[in-house]
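First to last, the sequence lines map onto chains R and V. Counting in my numbering, the first sequence runs from 509 upward without gaps. Counting in my numbering, the second sequence runs from 22 upward without gaps.
It should be emphasised that the hints constitute simulated quantities derived from the structure, not laboratory data. Cβ coordinates follow ideal geometry from the N, Cα and C atoms, glycine included. One or more of the hints may lead you astray.
The calculated DMTMM-like cross-link candidates involving lysine to aspartate or glutamate, where the alpha carbons are at most 20 Å apart (straight line), are [what the hints assert, rightly or not]:
1. Lys796/R - Asp40/V
2. Lys740/R - Glu253/V
3. Lys792/R - Glu714/R
4. Lys510/R - Glu253/V
5. Lys804/R - Asp40/V
6. Lys649/R - Glu28/V
Which chain R residues stay away from chain V? Per the calculated CB distances, all over 12 Å, these [what the hints assert, rightly or not]:
7. Glu598
8. Glu742
9. Lys823
Next come the chains, spelled out residue by residue.
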Amino acid sequence: MKTKIKFINPGILTTLQDYGRVSLQDIGISKGGAANPSLMEIGNALVENKDVWSFEFILSGPTIEILSSSTSISITGNVDFHLIRSGKKEIGSCYRTYILKEKDQIIINRTIDSVYGYISFSGNIDLDKVFESLSCNPRSKIGPRDGQKIRENEIFEMSSSMTDQEFKLDRIPENKNKNKVRLLEGPQFHFFENKSVKRFFNTPYEITTTSDKMGMRLMGCKIENQLTANIKSEAIIKGAIQVPADGQPIILLTDHQTIGGYPKIAVVASADFENLIQLPPKSKIEFKKINLREAKISYMLKQETIKNIIKSKVKI
Amino acid sequence: MIKNVFEYGDQAILIDFGDEIKKEINQNVIFVFKKLKQIISENNIVGIENITPSYNKLAIQFDLSKTDTTNIFKLIDQVKNEKVEINFNPNKIEIPINYDLDFGIDLERLSKITKLETNEIIESHLRTNFYVYMLGFMPGFPYMGDLDPKLYSKRLETPRVEIAEGSVIIVEQFCAIYPYKSPGGWNIIGKTPLKLFNQSQKNPSLINPGDEIVFKNISKAEFQKIWKKNYENQN
């Protein structure tokens, strides 16, 4: 029996995501995938999925109705939402499973003090993967349904799996020091003047409203370049911080372009990337320089924390 | 061949082959790119997510939970001392193009800038054996060079809001083709009816780094025929 769901309201920008697609950057396609993969992973553990995929929403989320059959769902992130179960409206809690039946609804209001949230359903979605991934990138039109965002009244079908057990987590992810972002020196670090580099690490920068999943534009002390503001284009990676001629840094995010011609002062430590991408426009960020060893250790610690959170899953 | 190898964040390595944009340098990049892909697939090396060539650099991105910088450095050591076999039998592709002025909308303006007749611009473009330095900007978008210096032009001061897919464009020493509709500031000289990128195919990009490209002049009638086949019969 298939579960059918309908997006009564699609939200501002809701897309289908998994871990993205690799080995294609040489032909112009970056990995993409979920902005905050740990939240997607935790959400899928709660609905007992082996194949990880979720609907990712931004700021103002969707309203979804279960059209037929039943399913189990989880919402991960810092999300304000309601459920309508058997005709009754209730306040929803993140990081737990809910079993939903025909005519029940999920009403996602908004993400609180964050940008991305995830809704995970048990089972697999009935769509063909594109380059081995379900991830959608509306700008490059890559992904199932030409990578487009979810539209009003769009219907999806899923294979249902066992849905008679609800779970919750004893430990949930916490976001301490989320405005402090650790960085490694970038390939063109030496392009920048000493005083500017000091200011870059000692004064906060503000995230501007022109940011999206491709890049985060910052505003703060101008970073002076002592060599050149243009380099021969080279590969961009997630978290690279480029500084164009105006001296205001841009952090390349999950759906970054594949190559770019601005010098890169720094790269975000992988351990801090998910915190960073969750910061809403107008937040202030402080940067701290670390070395590769510290970056590696903090990444391992972070992975360990996620594993422990998933292990803390208990039956309700 | 390799000038330098350095860390690029905690999940990537950047290999430096030089500072200039030159076919000889880029051929080294493409050689190491292909060699690494071969070693990775033959030895089932895990954790490498993307290898991205550009004019004179090669980036290797990896998953830090599966491998690390030390392993990638070792992998690079394996190719470092290999004798460069420049591929003397590269993949050659002929791209049909129509230069009619309704497609080549910048030809007359370019004629004024370069002080060449439009047919001289077209002939020079047709004579050029293009080399694909890299792909990027959007899926399947090739950076090809080098044009005759007489044809060099700058980007438009105000980029166009929309350029049609298939548009053949030039700027400085480069020529490129738009796989999709896009905004852009390059000069448009013609249009190809070929589809450059098709995500439903296993090898989705018609053109790949290191390929050699020549253009072939076709009439509007031929253009329409090929365009129909590629764009209209697909559904």
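Okay, the hints, checked on the actual structure:
no., hint, verdict
1, Lys796/R - Asp40/V, "violated (30 Å)"
2, Lys740/R - Glu253/V, "violated (38 Å)"
3, Lys792/R - Glu714/R, "holds (4 Å)"
4, Lys510/R - Glu253/V, "violated (34 Å)"
5, Lys804/R - Asp40/V, "violated (30 Å)"
6, Lys649/R - Glu28/V, "violated (32 Å)"
7, Glu598, "holds (38 Å)"
8, Glu742, "violated (4 Å)"
9, Lys823, "holds (29 Å)"
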